[in-house]
Amino acid sequence: MPGPLPVPQSIDDTMAMLAGADYVADRALATVLFLSLRMKRPLFLEGEAGVGKTEIAKVLASALGRRLIRLQCYEGLDVSSAVYEWNYAAQMIEIRMEEAEGQVDRTDMEKNVFSEKYLIRRPVLDALSGKTGAAPVFLIDELDRTDEAFEAFLLEILSDFQVTVPELGTIHAEEPPIVIITTNRTREIHDALKRRCLYHWVDYPDAERELEIVRRKVPNANSRLSAEVVRFIQKLRQLELFKVPGVAETIDWASALTELDKVALDPEAVSDTIGVLLKYQDDIARIDQGEGRRILNEVKAELSAAE
Amino acid sequence: MARETFRSRPVLVATDGRLADNIVYFARALRKAGMRVGPAAVKDAIEAVLVAGIGTRDDFYWTLHAVLVTRHEDHQVFDEAFRLFWRSRELIEKLLAMFSPVAIENRQKERPRAAESRVADAMFEGHRKEQRPQEIPEIEVDARLTFSGNEVLRGKDFAQMTAAELAEARRAIAELRLPFDLVATRRFRADPRGRRADPRAMMRSALRTGGDLILPKFRSPRQRHPPVVVLADISGSMSQYTRIFLHFLHALTEKRRRVHTFVFGTRLTNLTRQMRHRDPDAALADASRAVVDWSGGTRIGDALDEFNRLWSRRVLGQGAVVLLITDGLERDDVRGLSEEMERLHKSCRRLIWLNPLLRFDGFEPRARGVQAMLPHVDELRPVHNLNALADLCASLNARGTATFDPRLWRGLGSRRAA
Chain A
1 MPGPLPVPQS
11 IDDTMAMLAG
21 ADYVADRALA
31 TVLFLSLRMK
41 RPLFLEGEAG
51 VGKTEIAKVL
61 ASALGRRLIR
71 LQCYEGLDVS
81 SAVYEWNYAA
91 QMIEIRMEEA
101 EGQVDRTDME
111 KNVFSEKYLI
121 RRPVLDALSG
131 KTGAAPVFLI
141 DELDRTDEAF
151 EAFLLEILSD
161 FQVTVPELGT
171 IHAEEPPIVI
181 ITTNRTREIH
191 DALKRRCLYH
201 WVDYPDAERE
211 LEIVRRKVPN
221 ANSRLSAEVV
231 RFIQKLRQLE
241 LFKVPGVAET
251 IDWASALTEL
261 DKVALDPEAV
271 SDTIGVLLKY
281 QDDIARIDQG
291 EGRRILNEVK
301 AELSAAE
Chain B
1 MARETFRSRP
11 VLVATDGRLA
21 DNIVYFARAL
31 RKAGMRVGPA
41 AVKDAIEAVL
51 VAGIGTRDDF
61 YWTLHAVLVT
71 RHEDHQVFDE
81 AFRLFWRSRE
91 LIEKLLAMFS
101 PVAIENRQKE
111 RPRAAESRVA
121 DAMFEGHRKE
131 QRPQEIPEIE
141 VDARLTFSGN
151 EVLRGKDFAQ
161 MTAAELAEAR
171 RAIAELRLPF
181 DLVATRRFRA
191 DPRGRRADPR
201 AMMRSALRTG
211 GDLILPKFRS
221 PRQRHPPVVV
231 LADISGSMSQ
241 YTRIFLHFLH
251 ALTEKRRRVH
261 TFVFGTRLTN
271 LTRQMRHRDP
281 DAALADASRA
291 VVDWSGGTRI
301 GDALDEFNRL
311 WSRRVLGQGA
321 VVLLITDGLE
331 RDDVRGLSEE
341 MERLHKSCRR
351 LIWLNPLLRF
361 DGFEPRARGV
371 QAMLPHVDEL
381 RPVHNLNALA
391 DLCASLNARG
401 TATFDPRLWR
411 GLGSRRAA
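Going line by line, the protein sequences match chains A and B.
Per my numbering, residue 1 is the first one in the first sequence, and the count goes up by one each step.
Per my numbering, residue 1 is the first one in the second sequence, and the count goes up by one each step.
None of these hints come from the bench; they were simulated from the model.
Treat the hints with caution; some may be incorrect.
Sample of chain A residues lacking proximity to chain B, with all beta carbon distances greater than 10 angstroms (derived) [what the hints assert, rightly or not]:
| hint | residue |
| --- | --- |
| 1 | Pro6 |
| 2 | Ala28 |
| 3 | Leu35 |
| 4 | Val299 |
| 5 | Leu303 |
| 6 | Ala305 |
Subject to a maximum C-alpha distance of 30 angstroms in a straight line, what follows is the list of computed DSBU-like cross-link-like pairs (lysine-lysine) [unchecked claim]:
| hint | chain 1 | residue 1 | chain 2 | residue 2 |
| --- | --- | --- | --- | --- |
| 7 | B | Lys32 | A | Lys194 |
| 8 | A | Lys194 | B | Lys255 |
| 9 | B | Lys43 | A | Lys235 |
| 10 | B | Lys32 | B | Lys43 |
| 11 | B | Lys217 | A | Lys117 |
The beta carbon of each residue, even a glycine, is placed where N, CA and C say it ideally should be.
Put together the whole structure using the sequences plus the hints.
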């Protein structure tokens with residue numbers, strides 16, 4: 001991994017940086033990413049599952065040569081697993097040791113027991129410890145999974161980039177981390193938090209961009225196959241399915257079909273591998289019963305018309 | 001030469017001023033169109049534009065978008081407002097021209113000042129499209145037992161709430177204990193009778209005595225209310241109860257956090273924001289404006305389908321309890337209703353069906369809609385006498401008696417039908 005690189009200086013630079021790391025972004029995303037880097041504001045990415053939200057943070061970390069710190073949110077996430085925890089066992093030993101030595105000055109002991117030595121750093125505290133010019137990328141993944149209490153706690157961190165440890169004092173970041181927050185919208189995030197961030201809705205890519213993504217991510221896929229796969233999925237997204245496939249599914253499907261040595265879609269291949277694409281029984285049944293075949297025929301017709 | 005430099009400076013400053021002013025006006029337009037854009041956002045927008053510079057129209061669009069839009073739903077409004085606001089006044093072209101003199105050549109002349117009326121039009125264009133021509137409402141004395149799938153769009157006025165009613169409602173809601181209304185979270189609170197050790201508290205108290213005594217401290221999981229999602233039927237057959245349960249929903253929203261309200265007749269409407277209004281009359285007036293299918297036909301299956309597809313993942317997280325208020329009188333075609341109910345049932349923690357039709361002695365769960373829905377509810381709660389909000393609360397109170405078991409009702413229906 002190269003050393004930490006400075007942030008890009010223009011929207012075009014940002015586009016180039018993302019493209020260099022094999023992330024095919026549209027101009028809108030590059031703009032908001034550039035602004036968030038320059039204005040040092042957290043980037044709040046919302047969108048359906050599998051459209052590449054988490055990937056942005058990973059790509060950013062590798063392209064800028066920064067460390068990636070990831071905080072996976074879940075219900076009941078609390079300060080001791082997100083920010084810091086005291087090493088109680090070691091603290092207890094420290095107390096016993098001091099007693100054995102016979103020095104029991106209360107203030108000294110408190111200082112020793114609650115010193116940085118016994119502080120276990122969790123992702124948030126870790127993210128605040130970046131040096132100037134090398135601030136890490138801090139990914140807060142699936143924020144909607146945690147509860148409002150944790151969201152409220154994030155407010156202090158995201159606006160001032162500091163954490164207060166009661167026993168130790170306030171810890172400031174030398175340079176604020178590059179914060180990326182993702183959510184799947186399983187619940188609304190409070191406005192107060194959104195206001196501190198730059199918001200972007202990550203949508204499904206258009207056919208052209210999706211084809212480019214498949215080309216980059218599954219380089220050994222047949223070009224006819226990738227074109228058919230992308231068109232098929234684009235049409236699938238227009239149906240009223242319970243869960244439409246995301247970009248991640250497109251990539252999975254293209255690589256699955258490539259593994260099966262397919263060079264073009266056929267009805268059997270579609271029905272054999274539909275589980276890669278659709279994850280709900282109702283959706284699968286619907287596509288298996290004729291609608292899949294209809295879409296496939298449309299795709300074939302369109303592609304041969306284009307040739 | 002010297003004069004040139006002298007002149008270029010004030011122009012630059014003036015550009016800056018204009019830009020800021022225009023962004024402020026634009027933000028104000030957005031606010032008027034219903035987006036929540038605060039002064040801090042405006043400041044950020046100006047800052048962002050200065051940071052990004054104005055390269056192309058697209059960049060400018062996305063720069064403002066990044067700062068001013070904080071909800072996906074607002075994207076359309078922003079898009080429309082941006083198109084009208086910045087195009088009609090040729091502002092971007094002017095700004096572009098100021099940032100780069102070359103751009104003047106290829107800017108297109110637009111007709112001047114066609115703006116004002118069009119901006120107004122555009123803001124309401126979306127609404128106007130949605131509103132179909134209203135049909136003349138048929139005269140309907142009592143529609144309780146009638147049901148149809150035909151879409152009839154009409155408005156509704158609610159009588160204002162009297163002070164006595166309001167007090168009554170508040171009291172009833174305060175006494176209301178919903179079934180299964182507390183869930184343990186994974187957070188803890190200090191509790192001397194708790195069952196889990198609390199090492200941090202132990203360490204703190206130990207230091208108070210200089211480490212001589214390390215006494216055990218305990219904690220236990222916190223409990224809190226799960227989210228409540230209410231799906232209420234507002235079709236013709238339910239119309240005489242609508243006012244009561246809207247009051248109920250408003251009072252419920254006032255009392256607890258995380259209440260989501262949806263109403264459906266022939267289409268599904270999310271009333272959560274309207275219900276947040278502090279004043280019940282204002283909230284009902286808002287709700288009345290937001291819904292177009294008051295007292296029309298019923299399409300329970302379609303409404304549930306829409307809910308499952310578009311909303312269930314957004315509001316049913318974190319163990320939500322769903323309260324379905326409907327008489328279950330679906331139009332004849334009940335295809336899909338059972339499947340949608342099953343999906344709804346499986347995506348929430350508990351599905352409670354509140355059925356006001358049970359007040360009729362002759363009620364038998366024989367209607368096909370009812371038959372399709374019954375297997376998929378956890379509880380069926382009858383409302384024998386729904387004249388006031390207190391009746392609704394009483395029927396919802398947590399008393400785990402067997403009469404709420406949907407299986408009993410199912411048996412009844414099929415026996416009599418046979």
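Pairwise hint evaluation, A/Lys194 against B/Lys32, where the allowed Cα distance is 30 angstroms at most: It holds: about 20 angstroms lies between the C-alpha atoms, which stays within 30 angstroms.
Status of the stated non-contact between A/Val299 and chain B (beta carbon gap over 10 angstroms): holds (24 angstroms)
A/Pro6 non-interfacial with respect to chain B [C-beta, more than 10 angstroms]: Label holds. Min Cβ-Cβ 15 angstroms, cutoff 10 angstroms.
Under the criterion that the straight-line Cα-Cα distance not exceed 30 angstroms, is the pair B/Lys217, A/Lys117 satisfied? Status holds; Cα separation ~24 angstroms.
If you draw a straight line from the CA of B/Lys32 to the CA of B/Lys43, is it 30 angstroms or shorter? holds (18 angstroms)
Hinted pair B/Lys43 and A/Lys235, Cα distance within 30 angstroms: violated (41 angstroms)
Whether A/Leu35 stays farther than 10 angstroms from all C-beta atoms of chain B, as the label says: Nearest chain B Cβ is 5 angstroms from A/Leu35, so the label is violated.
A/Ala28 non-interfacial with respect to chain B [C-beta, more than 10 angstroms]: It is violated; A/Ala28 is separated from chain B by about 4 angstroms at its closest Cβ, not greater than 10 angstroms.
Hey, does A/Leu303 actually stay past 10 angstroms from chain B on C-beta? holds (30 angstroms)
Between the alpha carbons of A/Lys194 and B/Lys255, is the straight-line distance 30 angstroms or under? Holds - the C-alpha atoms of B/Lys255 and A/Lys194 are around 25 angstroms apart, at most 30 angstroms.
A/Ala305 remote from chain B - nearest C-beta pair above 10 angstroms: holds (31 angstroms)
Of the numbered hints stated above, those contradicted by the structure are hints 2, 3, 9, listed in ascending order.
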